[in-house]
Amino acid sequence: MRFEAIGTAWEIESDRPIESSTQSAIHHRIEEFDRAYSRFREDSLVSRIATTPGTAEFPPDAAELFELYRRLYDATGGAVSPLVGRSLETLGYDRAYSLRPTGPAMPAPSWDDSFAWDGSSLTTIRPVTVDVGAAGKGYLVDIIGRMLVAAGHEGFVIDASGDILRHGPDSIRVGLEHPWDATKAIGVANLGSGAICASAPNRRTWGEGLHHIIDATTGLPTSRVIATWAIADSALQADGLATALFFTEPHALRREFDFSYVRMFADQTVEFSPLLDGEMFV
Amino acid sequence: MRQLPTTATSLVLGGFALSAVLAGCSAAPESAGLEGPYTDGTYTETASYQSPNGTETIDVTVSLESDVITDVEVVGHGESADSKLHQGFFIDGIAAVVVGQDIDEISVSKVSGSSLTSGGFNKAIEAIKADAS
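Chains as they are written, first to last, in numbering that gives the first Met the number 0: chain A, 0 to 281; chain B, 0 to 132.
Take the hints with a grain of salt, since some may be wrong.
With a Cα cut of at most 25 Å, we get these calculated SDA-like pairs of lysine to any residue [claimed, not checked]:
id, chain 1, residue 1, chain 2, residue 2
1, B, K109, A, F39
2, B, K122, A, F39
3, B, K122, A, L209
4, B, K128, B, K109
5, B, K109, A, T182
6, B, K109, A, L209
Derived by calculation from the structure, the hints in this document are not laboratory data.
Kindly generate the complete structure, drawing on both the sequences and the hints.
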């Protein structure tokens, strides 16, 4: 299956043909996700919360997403936060893609001041702009993976444009794209059953120092780390950790999560876990 | 205790074929398939290798925390200028400069990088470029 969804290109391959009923279930599930979490549509739940406080009922598996976010929020001292939407909009990454800053960088509000999550619904007392870009795609990839497994697929790869979940024996070689040159790779990771997610500002940069990977505590885009990769059992974790690696040292994240990683810096040096299954072109 | 995987060791230490064994491990070196977890701590070992100048020795100290190398320190005992040069490659630690390789030439099934953009974002970027020119 090849299609566009949630603002990017997807490719899903399986050892067996994917039945049309499974394909439509996948498209339907993605639409449900988009309707809840997209900042870019007026009819979404997060758009409603951004204007109207109150209690909003999220889809049932939102619990897993918000729980991971809370762990990342705590592990990164608030640098990774689902409340970073307003900060992104201030930099220009708003619903209309105006891509022009409207004011000085705005830190995100604190979690406990902003909302109460009871496991299925979110209660807010003032408008808050939720953005789940740090881990949401990985979460959706995992959900689709579970759907494929439930439909009997045992060998598949879901590639949501560089965030990849694989299920099956042996492993595949995944090139780690150079953030400054998409024709090149800085290394290769071997992926068995599990996920690898990448994060880099290169494709979503709209001005000098203006891009979408921001520290929620300051509202500012990062500059020291220029690309990250995380390999973990789930795409939700790999996606969230790839973001967290821009802000927090790997050994601090390793206290809380089990993963391997690669980080590249603006001076083109790279740092990576000794347990990484792969090779780096050093 | 087990040795660091050969790949990581050689990458960390600049490509020389050392078999640096973490202190306290008396078992024979294993193949390069690593299994953690490792006990946090600092491990020092002296390693010898053959160079064109003969046998050289270096002391390697590795700090591990939650299975991540947090520090590497290498003290070389090279005598000749060549030895000092090569041992200098070790001493800079684990941050190594990468050199990109053409994706076409490295046989990969997939590429992992930042996500492609689509539709609305692309149009907006084009508009900005048009304004700027």
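Quick rundown of the hints versus the structure:
Of the pairs offered as hints, the one joining K109(B) and F39(A) is violated, with about 29 Å between alpha carbons and a cut-off of 25 Å exceeded. Among the hinted pairs, K122(B) with F39(A) is consistent with the structure: their alpha-carbon atoms are about 14 Å apart, no more than 25 Å. Taken as a hint, the K122(B) and L209(A) pair is honoured in the structure, with Cα atoms around 17 Å apart against an allowance of 25 Å. Only pairs whose Cα atoms come within 25 Å are accepted, and K128(B) paired with K109(B) is rejected, the gap being roughly 31 Å.
Simply put, K109(B) and T182(A) have alpha-carbon atoms about 13 Å apart, close enough for the 25 Å limit, and the pair holds. In summary, the hint linking K109(B) to L209(A) is not supported, as the alpha carbons are separated by about 28 Å, beyond the 25 Å threshold.
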